[in-house]
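K.L.:
Given the coordinates of chain A, work out where chain B should sit on it, guided by the hints.
Chains as they are written, first to last, in numbering that gives the first Met the number 0: chain A, 0 to 179; chain B, 0 to 179.
Hints are computed from structural coordinates only; laboratory data are not their basis. Take these hints with a grain of salt, some might be off.
One copy or two, it doesn't matter: identical chains are merged, so the pair holds either way.
[To be verified] Calculated lysine to any residue pairs in the SDA-like style (CA-CA distance at most 20 Å, straight line):
{"id": "1", "residue 1": "4", "residue 2": "77"}
{"id": "2", "residue 1": "4", "residue 2": "35"}
{"id": "3", "residue 1": "120", "residue 2": "42"}
{"id": "4", "residue 1": "24", "residue 2": "103"}
{"id": "5", "residue 1": "94", "residue 2": "49"}
{"id": "6", "residue 1": "90", "residue 2": "46"}
{"id": "7", "residue 1": "31", "residue 2": "77"}
{"id": "8", "residue 1": "97", "residue 2": "47"}
2 protein chains.
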Amino acid sequence: MTDQKGVTVWFTGLSGAGKTTVAKKIEELLEKENFRVERLDGDIVRTYLTRDLGFSREDRDENIYRNSFVAFLLTRNGVITLCSFISPYRKARKKARKLIGNFIEVYVNAPLEVCRDRDIKGLYARAVAGEIPQFTGITDPYEHPVNPEIELRTDRETVEESAAKVISYLKDHSFIQLKL
Amino acid sequence: MTDQKGVTVWFTGLSGAGKTTVAKKIEELLEKENFRVERLDGDIVRTYLTRDLGFSREDRDENIYRNSFVAFLLTRNGVITLCSFISPYRKARKKARKLIGNFIEVYVNAPLEVCRDRDIKGLYARAVAGEIPQFTGITDPYEHPVNPEIELRTDRETVEESAAKVISYLKDHSFIQLKL
Chain A
0 MTDQKGVTVW FTGLSGAGKT TVAKKIEELL EKENFRVERL DGDIVRTYLT RDLGFSREDR
60 DENIYRNSFV AFLLTRNGVI TLCSFISPYR KARKKARKLI GNFIEVYVNA PLEVCRDRDI
120 KGLYARAVAG EIPQFTGITD PYEHPVNPEI ELRTDRETVE ESAAKVISYL KDHSFIQLKL
Chain B
0 MTDQKGVTVW FTGLSGAGKT TVAKKIEELL EKENFRVERL DGDIVRTYLT RDLGFSREDR
60 DENIYRNSFV AFLLTRNGVI TLCSFISPYR KARKKARKLI GNFIEVYVNA PLEVCRDRDI
120 KGLYARAVAG EIPQFTGITD PYEHPVNPEI ELRTDRETVE ESAAKVISYL KDHSFIQLKL
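Okay, chain A solo, but in the shape it has when bound (with noise of 0.2 Å):
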């Protein structure tokens, strides 16, 4: 693939929406025509670049602010670069954006009642029983994208058509050529 057009896309939504699971679907959709794809969420950054941060609103802006910087150098340099992270506050969403620059906002939304519902990590339990202090939509707010150039609904979706949205998005706008 030669000449590759660099972009992050930022997946935004609560915990349990989806974000990680449809960059994955989309990760795997891409390399399979051999484009360079870089996928960063908490799982994979936190060992080397956030470990120290906490869920203070201080601390998550501060790792939105690092990764921004990641997906900066990586998307400047020819790579689509799949950023999920739950984000919750519209202003370091904003700044990751000034930031990139090509910069795709997909807001992943589903019902705070289905990722509760969903609760994969078992994490929602722990936040309702107090267990975990600043969960955002339990305990602390999500800021909701006003004006996001791509919005999913997993909860009516399948993965595979929240993927085939971003997939279009990017042909669209010529980001990636292919006839997936």
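P.N.:
Relative to the frame of chain A, chain B by itself:
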């Protein structure tokens, strides 16, 4: 430039040895030939990645750790990544090498007296005056590379000569093809 092979060129040495100066010269030469190049050094990353870190051994290790991760991502996406960090500890450099893979250690060597006399940033004067408590070469150790891929003697070579050594190495090891 298509199908570029990624590599990290890691410049280690005392403050004032010329790490950044040589890296900038190489960056200039490679960008002229349209290679994808990123340069990481303290001044660049401090704003985004490492502003919380000081100069204890622990913080220095953490600094190298975070930057290694970024260099690793860039390298595996085909970017020539020029890292200039004092990186005084062998163990941390070894860890960086292991993570990154394509890794060229460049020992930017100038005698302490030369670096101290240059004292471009006025840091040695402050360190000697006791204003900077942990300063590599003065009150903190520098573990020089035992078997670096390249050694530069910036007290005897011009910047151009030092840069040419690195460029030659990159050519000889097929990281770049060009007529520089």
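K.L.:
Please flag the earlier hints that this structure goes against, numbers listed from lowest up.
P.N.:
none
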